[in-house]
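**Q** Start from the sequences and build out the full structure, keeping to the hints where you can.
The listed protein sequences correspond, in order, to chains Z and E. For the first sequence, the working numbering gives the first residue as 27, with consecutive numbering after it. For the second sequence, the working numbering gives the first residue as 68, with consecutive numbering after it.
Hints listed in this document are in silico derivations from the structure and should not be mistaken for laboratory results. Even for Gly, the Cβ is constructed at its ideal location relative to N, Cα and C. The reader is advised that the hints may include incorrect statements.
Said to hold, decoys possible - Coverage of chain Z stretches by chain E, computed from C-beta distances (three or more under 8 Å per stretch; other residues unrestricted): (1) 136-150; (2) 225-237.
As the list claims (entries may be wrong) - Under 7 Å between C-beta atoms, here's a sample of chain Z residues computed to sit facing chain E: (3) P181; (4) S196; (5) L213.
Unchecked claim - List of simulated lysine-lysine pairs, DSS-like, C-alpha gap at most 30 Å: (6) Z:K236 / E:K636; (7) E:K587 / E:K563; (8) Z:K236 / E:K563; (9) E:K649 / Z:K183; (10) Z:K236 / E:K737; (11) Z:K236 / E:K587; (12) E:K649 / Z:K114; (13) E:K290 / E:K413; (14) E:K585 / Z:K236; (15) E:K631 / Z:K236; (16) E:K444 / E:K513; (17) Z:K146 / E:K649; (18) E:K158 / E:K352; (19) Z:K236 / E:K568; (20) E:K363 / E:K434; (21) E:K501 / E:K521; (22) E:K174 / E:K250; (23) E:K721 / Z:K236; (24) E:K568 / Z:K146; (25) E:K132 / E:K206; (26) Z:K183 / E:K568; (27) E:K192 / Z:K146.
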Amino acid sequence: MRKKCLIFTIFLATFFGGVSQFAFPVCGARSSALGGNTVALSDFWSAMDNVAGLTNISNFNMGAAFSNNFALAELSSKTVAIASPLSKTNAIGLKYTHIGSSLYFEQMIALEFAQMIGQKISLGIELDYLNCGTSDVFYDEYHLFTFATAIRLYPSKNLVIGFYVFNPTSIATNNDYSQYVPAIMKLGTEYQITPDFAAYMEIEKNMLAKECVKTGVEYRFFKHFYARVGFASNPMIYSFGIGVEHNKWFFDFSSQVHTALGISPSISMHHSF
Amino acid sequence: MRHSHRLKIQIIVGLILLTTMYGTAFSQSSISHWAEYLEQLCEENESAISESDILETLEYYHENKININDTSSQELLNLFFINEYQHKALKAYIAQNGQLLSAEELKTIYSFDLETVRLLTPFIKVEPFHEREQLELRKIVRHGKSNLTAGWNIYPQKLTSNADSTHLGDPSRLYFRYRFQYKDNIIFTLSGDKDSGEELFGNSQKQGFDFYSLSLLIKNIGKLKALAIGSYNVQLGQGLTFWNGSNINFNNSFLKTPTRHIKAAGAFDESNFLNGAATEVEISKHLSITTFFSLKHCDANFTVDSNSNYVFNSLYTSGLHRTENEILKKNTLDEQIIGGHIKYSKNTLNLGLSYYHQSLSSPIVPKENFYNYFYFKGDENQCLGVDFCYLYKRIILFGESTWDIEWNNATMAGLKLYANSSTIFTLYARCYDKAFNNTYASALGKSSNIKNEKGIGANLSCILPGNIHATTNVDLYHFPHPKYQIYSPSNGMEYKLKLAKEFGNHTYLQLTLRHQNKAKNIASANSNSHIAYPENYTLNHLQLLLNYSPSDTWNFNSRIFVSKSSNCKSNGFAMYQEAAYKPPLSNIRLATRYTIFDVEEFENVIYSYEQDLPLQMYVPQLYGVGSRILFIAKWTMKNDFALHLKYGIYIYQKNSSTLSGSSYNKDRLKQEIKLQLNIGRL
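**A** In structure tokens, the structure reads:
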């Protein structure tokens, strides 16, 4: 109970302490298992975090993800998403994410579009609706609109470079700018060392926190089975997980271990039609 | 100091122009190299450099590339990172092997290391060369090119800010430059500049612009190697006796071999120039003589003594005349300079003898302070110096020794070994008397004042296994007498390591580490005491650069900066992503950059150069917590008309005033809009 109070207090303090956190988790258990690497990953869920990656999908996709952050139901996050190619060079997606409970919640709806330019560049843009509120009538509920942009580069067959910035203008939630939604920038790479082994590295800078370095590796140890481990520096997190692929169905399971706040299990699945 | 800082900031901006404004025309590695040099200049806040002349030179040769096979031309030496010995090596190579077929072939010439080739590539072309044309007036009139550049910078936040209420003029900047140029032979420049906050046709500026510059430079007409009238720069020897204008230590070579000593001054440089006339005449094959005379008004800081007399404390070199106080400093001193240089050159030996005399209309009397006891005092100075440069096989020996009017000495010397085409070793040392005074010295050292310093350093550039290009530099130094903010003798060291690798032809990765250990005054532990004492502290910088240029159309740059001072609790961090787009067969070029930064303590401040419009320089000083968004567009029409637009905005979550405890919302947004029109091409 003490731990529960502590974590919840941290969230409320963040919310009422001058900034709106909008602490949306990474999408998908695969990213979660890789220490939170998202920006250069190549799958349906990474496309949901780096919109430029949407051009990787070749069919209509639908998926859902659930993360029980710090094993607290009040902080759990749920995401559902769909994505579809419009042509060979562009794609569109829609994502809904909810985190929290009736006491305090954040939710986001994102409409995404990505365009391939040539063979080696993919650009993306995302329009976001943000909603943040609490059960306490003394505090306002926020409805905000912002955007994100992304780039993915493919210098070679085994190297991907990703860039993503969310809310670049740091929109304010009130007129005197005392509360705002922070800008978040990510820069990362995926390097496919062998056909079965890939390494990931990413640097994330949230305007409200110190920079975070994330690393992760993924190994396909059997035809349709993947093992993953990862690490993030700030906050210090260890993560691990597995993935299973069968008949266009993809299931991923992971756990992140925060050195102070404990474990956060995640599960995600999607289907490529 | 402020002037120095401003100049450094400006120089960076210019390079931006050259790199990104022209989009992908610059090679990926060139971009990274320019950025690195310029940012370091900003960090070393005490080294004096000038901006416009470098910028204008590079800009011109970017548009008018030098044919590398034209060995009869001296134009290559106008690119200050090419020394005379590299030029000789190139000539010898062409004489032996015939004309070059590609720029890549430069790498096989022993004195052209990879970094030099990268820097050089944007400014050269490789074409068959037949015969150099004779200079004729008819050709000058017919083929000379004119260019008019006019610009307007707007700073919206200053329109409503109370901070600038003392400024007499509006916050915008206006400038123009007209230039007529015929190849490298004739350069005529007329320019005017009104800085932000200065009046235009107001009571304080009835002539319109605050600063005008007029210059004519004629080069290489028979025995007359150079003739300058109006504003110009003179650069002699290794810079200890007289060096006016730009001074960038490219490639850590510490070697200067100016073939021509007289250069055109920067169009908007308001203090670092000479005004008068200069000539350089080739007396014989081995002997040339340079003479120069300058008479100009200078700005000065002054106080008024008890007898209501002006006491001039120092020169005021920022060029800003925005407030009544700044205007009072304008043209308060007259400076006269006369000097000369004799150069003897035979085979691979260069010997020089330099002298100049400086006189001021009133004496300089610095305010008494602990650190400036040996600063220049009086109204007269003169310096006499000898310099040498000698190539023995693959070793260049160089040095200079100078004496001021009181026979205080400053000496520097070094050697540069070209072990092979990719391995270069440089060793250098300097010893400057604590009382040596030379306003026009600009040589290697850790501060803009060439005095009170002893040091030794080495630089090694080589190729590691895996085709990784490594450059490392170490510099150890000692200040025998107190300096500004260092109130006792002190020691320091700097170490730098750079690793770079190209992946194919499109991807470039570079890691730079820089470690400094230097002294600085620390406030006394006893709060009642006003005695400051220095302590050594460390400052570490890490930079990671990734450049990807998949085609001539697109160019992407990603960069990460980390800085950490041992005096600070936290580290500084910045990261940016840049994209430049040049549609094929289109007359539009676009570039954008997004930067996020978190630097809460000033000692961790990060400089990140960004592209700007032609003739302008800007290096953002990233301090605070926030982001910066940048857009640049260029539209050209019929090759002789171009319109440039730049929009930049800082969005602060915590700005410098917030960090120092002031109100939160002040200056949350800081914007600039720049417009520029170019008519004609040089």
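**Q** Flag every earlier hint the structure violates by its number, smallest first.
**A** none
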